[in-house]
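Take these sequences, add in the hints, and give me the full structure.
Chains V and B, in that order, are what the protein sequence lines are.
If you're matching positions, the first sequence starts at 1 in our numbering and goes up one per residue.
If you're matching positions, the second sequence starts at 1 in our numbering and goes up one per residue.
By construction, these hints were calculated from the structure, which means they are not laboratory data.
Beta carbons are placed, not taken as given, at the ideal position from N, Cα and C, and that holds for glycine.
Do not rely on the hints blindly, as some may be mistaken.
[Unchecked claim] Chain V residues, not near chain B, derived (Cβ > 10 Å throughout):
1. K38
2. E44
3. V60
4. S65
[As the list claims (entries may be wrong)] Listed below are the simulated EDC-like cross-link pairs for lysine to aspartate or glutamate, each with C-alpha atoms no more than 20 Å apart in a straight line:
5. V:K38 to V:E84
6. V:K18 to V:E52
7. V:K103 to V:E44
8. V:K103 to B:E11
9. V:K41 to B:D82
10. B:K97 to V:E84
11. V:K19 to V:D85
12. V:K103 to V:E52
13. V:K40 to B:E45
14. V:K41 to B:E45
15. V:K40 to B:D67
16. B:K97 to V:E67
17. V:K9 to V:D85
18. B:K97 to V:E52
19. V:K38 to V:E58
20. B:K3 to V:E24
21. V:K53 to V:E67
22. V:K9 to V:E58
23. B:K3 to B:D67
24. B:K97 to B:E11
25. V:K103 to B:D67
26. B:K97 to B:E14
27. V:K22 to V:E52
28. V:K38 to B:E45
29. V:K41 to V:E52
30. B:K3 to V:E84
31. V:K9 to B:E45
32. B:K97 to V:E58
33. V:K40 to B:E11
34. V:K22 to V:D85
35. V:K22 to V:E44
[Unchecked claim] If you anchor each label on the Cβ, the simulated ranges turn out as follows:
36. B:L80 to V:K53: 20 to 30 Å
37. B:T102 to V:Q82: 39 to 49 Å
38. V:T16 to B:L51: 41 to 51 Å
So you can see what is in the structure, the chains are spelled out below.
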Amino acid sequence: DTEVTQTPKHLVMGMTNKKSLKCEQHMGHRAMYWYKQKAKKPPELMFVYSYEKLSINESVPSRFSPECPNSSLLNLHLHALQPEDSALYLCASSQPDRGPFRKLFFGSGTQLSVL
Amino acid sequence: DAKTTQPNSMESNEEEPVHLPCNHSTISGTDYIHWYRQLPSQGPEYVIHGLTSNVNNRMASLAIAEDRKSSTLILHRATLRDAAVYYCILSSGTASKLTFGTGTRLQVTL
Chain V
1 DTEVTQTPKH LVMGMTNKKS LKCEQHMGHR AMYWYKQKAK KPPELMFVYS YEKLSINESV
61 PSRFSPECPN SSLLNLHLHA LQPEDSALYL CASSQPDRGP FRKLFFGSGT QLSVL
Chain B
1 DAKTTQPNSM ESNEEEPVHL PCNHSTISGT DYIHWYRQLP SQGPEYVIHG LTSNVNNRMA
61 SLAIAEDRKS STLILHRATL RDAAVYYCIL SSGTASKLTF GTGTRLQVTL
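Next up, the structure:
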C-alpha cells in the first residue's frame with residue numbers, strides 16, 4: 001500500500017465554522033507533512049511532523065492547528081478561516097531518516113472553499 | 001534552500017522525447033536534485049532524484065551537469081498522460097522539507 005488517503009476530497013465552510021482535514025498512511029512512514037496549494041501556484045509547506053512531534057511550522061496562522069495522534073494519522077483543524085485560505089490542502093508522508101533525500105508520497109488533497 | 005529556475009511551459013508531440021531543463025546555480029555540494037510532477041487534480045508524485053551522476057528509472061532519466069549548476073529531466077517518449085507540471089527541487093543536509101519552485105507546465109499533443 002503506497003497510498004496517502006485524504007478526507008474529505010472537497011469541503012465548503014463558513015468563516016465561523018470549525019472543521020478538520022484528515023490524512024492517513026499505512027506505509028510505516030514516520031514523517032508527515034501539510035502543504036497548501038493555491039490555484040496555478042506550487043505547493044507551500046505548512047507543517048512537518050517527525051515521529052509524531054511537530055518539527056517545522058512555517059509561520060502558519062494559529063487558525064490552522066495540526067495534530068498527529070499516531071504514526072498513521074495526521075489532522076489539520078480549521079477554525080475562523082478567511083476566504084483567502086481557500087486552497088488545495090495536500091498531505092504527504094516519508095521516511096524521516098534518509099538524510100537529504102526524502103521521497104514524499106502525496107495524497108490527492110482536500111479542496112477547501114471558505115465562504 | 002537553494003533556488004531553482006525552470007521555464008514556465010513547454011510543448012511536446014506524443015511519442016517524442018522531452019528534455020525539461022532546470023538551473024540551480026547556487027547548489028551546494030550536499031544538495032540532492034529531486035523531480036516531482038503534478039498531474040491535473042492530483043497531488044505531486046515523485047519522478048526521480050540524483051546527486052552527481054546521471055540516473056535512470058522506469059519513468060525518466062536525470063542528466064546532471066558536471067558542475068551541477070543545471071540538470072535535465074528526460075522523458076524518452078512523451079505520452080498524453082505525461083501532461084503535468086514538473087517541479088525541480090533541491091534539498092540538503094538534514095533538511096526535512098522540500099520547497100517547490102514554480103515548475104514547468106508540459107503540454108503533450110497528438
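Hints, verified against the model:
1. The Cβ of K38 of chain V lies farther than 10 Å from every Cβ of chain B, with a closest approach of about 12 Å, so its non-interface assignment holds.
2. With a closest Cβ-Cβ approach of about 7 Å to chain B, E44 of chain V is found to fall inside the 10 Å limit, against its non-interface label.
3. The Cβ of V60 of chain V sits about 13 Å from the closest Cβ of chain B, beyond the 10 Å cut-off, so the non-interface label holds.
4. At roughly 19 Å, the least C-beta separation between S65 of chain V and chain B is larger than 10 Å, which holds for a residue marked as non-interface.
5. Annotation: proposed proximity of K38 of chain V to E84 of chain V holds, straight-line Cα distance about 9 Å (limit 20 Å).
6. Proximity of K18 of chain V to E52 of chain V is assessed by CA-CA distance (about 23 Å); at most 20 Å being required, the pair is judged violated.
7. For the hint pairing K103 of chain V with E44 of chain V, the CA-to-CA distance comes to about 17 Å; that is within 20 Å, so the pair holds.
8. Under the criterion of a C-alpha separation no larger than 20 Å, the hint pairing K103 of chain V with E11 of chain B is inconsistent with the structure, at around 27 Å.
9. As the CA atoms of K41 of chain V and D82 of chain B are separated by approximately 19 Å, the hinted pair is consistent with the 20 Å bound.
10. Restraint check: the Cα-Cα separation between K97 of chain B and E84 of chain V comes to about 24 Å, which exceeds 20 Å; the hinted pair is violated.
11. The suggested pairing of K19 of chain V with D85 of chain V holds, with an alpha-carbon distance near 13 Å, which does not exceed 20 Å.
12. In summary, the hint linking K103 of chain V to E52 of chain V is supported, as the alpha carbons are separated by about 18 Å, within the 20 Å threshold.
13. Annotation: proposed proximity of K40 of chain V to E45 of chain B holds, straight-line Cα distance about 17 Å (limit 20 Å).
14. For the hint linking K41 of chain V to E45 of chain B, the alpha-carbon distance of about 16 Å falls within 20 Å, and the restraint holds.
15. Proximity of K40 of chain V to D67 of chain B is assessed by CA-CA distance (about 32 Å); at most 20 Å being required, the pair is judged violated.
16. Using a Cα cut-off of 20 Å, the hinted pair K97 of chain B and E67 of chain V holds, with the two alpha carbons roughly 18 Å apart.
17. A hinted pair counts as satisfied when its Cα atoms are at most 20 Å apart, and K9 of chain V with D85 of chain V qualifies at roughly 16 Å.
18. For a cut-off of 20 Å, the pair hint linking K97 of chain B to E52 of chain V stands: about 16 Å separates their Cα positions.
19. At most 20 Å may separate the alpha-carbon atoms for a hinted pair to count; K38 of chain V and E58 of chain V meet this at roughly 16 Å.
20. Only pairs whose Cα atoms come within 20 Å are accepted, and K3 of chain B paired with E24 of chain V is rejected, the gap being roughly 31 Å.
21. Pair hint K53 of chain V plus E67 of chain V holds up; C-alpha atoms about 9 Å apart against a cutoff of 20 Å.
22. The hinted pair formed by K9 of chain V and E58 of chain V fails the criterion: a straight-line CA distance of about 24 Å is larger than 20 Å.
23. As the CA atoms of K3 of chain B and D67 of chain B are separated by approximately 16 Å, the hinted pair is consistent with the 20 Å bound.
24. A C-alpha spacing of about 30 Å is found between K97 of chain B and E11 of chain B, which places the hinted pair above 20 Å, so the restraint is violated.
25. In summary, the hint linking K103 of chain V to D67 of chain B is not supported, as the alpha carbons are separated by about 24 Å, beyond the 20 Å threshold.
26. With a C-alpha separation of about 34 Å, the suggested pair K97 of chain B and E14 of chain B falls outside the 20 Å cut-off, and the hint is violated.
27. Of the supplied pair hints, the one linking K22 of chain V and E52 of chain V holds, its CA atoms being roughly 15 Å apart against a limit of 20 Å.
28. At roughly 18 Å between alpha-carbon atoms, K38 of chain V and E45 of chain B fall within 20 Å of each other, so this suggested pair holds.
29. Between K41 of chain V and E52 of chain V the alpha-carbon distance is near 29 Å, which puts this suggested pair outside the 20 Å criterion.
30. The suggested pairing of K3 of chain B with E84 of chain V is violated, with an alpha-carbon distance near 26 Å, which exceeds 20 Å.
31. Note on K9 of chain V and E45 of chain B: the hinted pairing holds, with a Cα-Cα distance of about 18 Å set against a maximum of 20 Å.
32. Only pairs whose Cα atoms come within 20 Å are accepted, and K97 of chain B paired with E58 of chain V is accepted, the gap being roughly 10 Å.
33. Restraint check for K40 of chain V and E11 of chain B: the C-alpha separation of about 18 Å stays at or below 20 Å, so the hint holds.
34. Note on K22 of chain V and D85 of chain V: the hinted pairing holds, with a Cα-Cα distance of about 17 Å set against a maximum of 20 Å.
35. This hinted pair checks out: K22 of chain V and E44 of chain V have alpha carbons roughly 18 Å apart, not beyond 20 Å.
36. Taking 20 to 30 Å as the suggested C-beta distance range, the pair L80 of chain B and K53 of chain V does not conform, at roughly 43 Å.
37. In this structure the supplied range 39 to 49 Å is violated for T102 of chain B paired with Q82 of chain V, their Cβ-Cβ distance being about 25 Å.
38. A hinted range of 41 to 51 Å holds for the C-beta pair T16 of chain V and L51 of chain B, which are about 49 Å apart.
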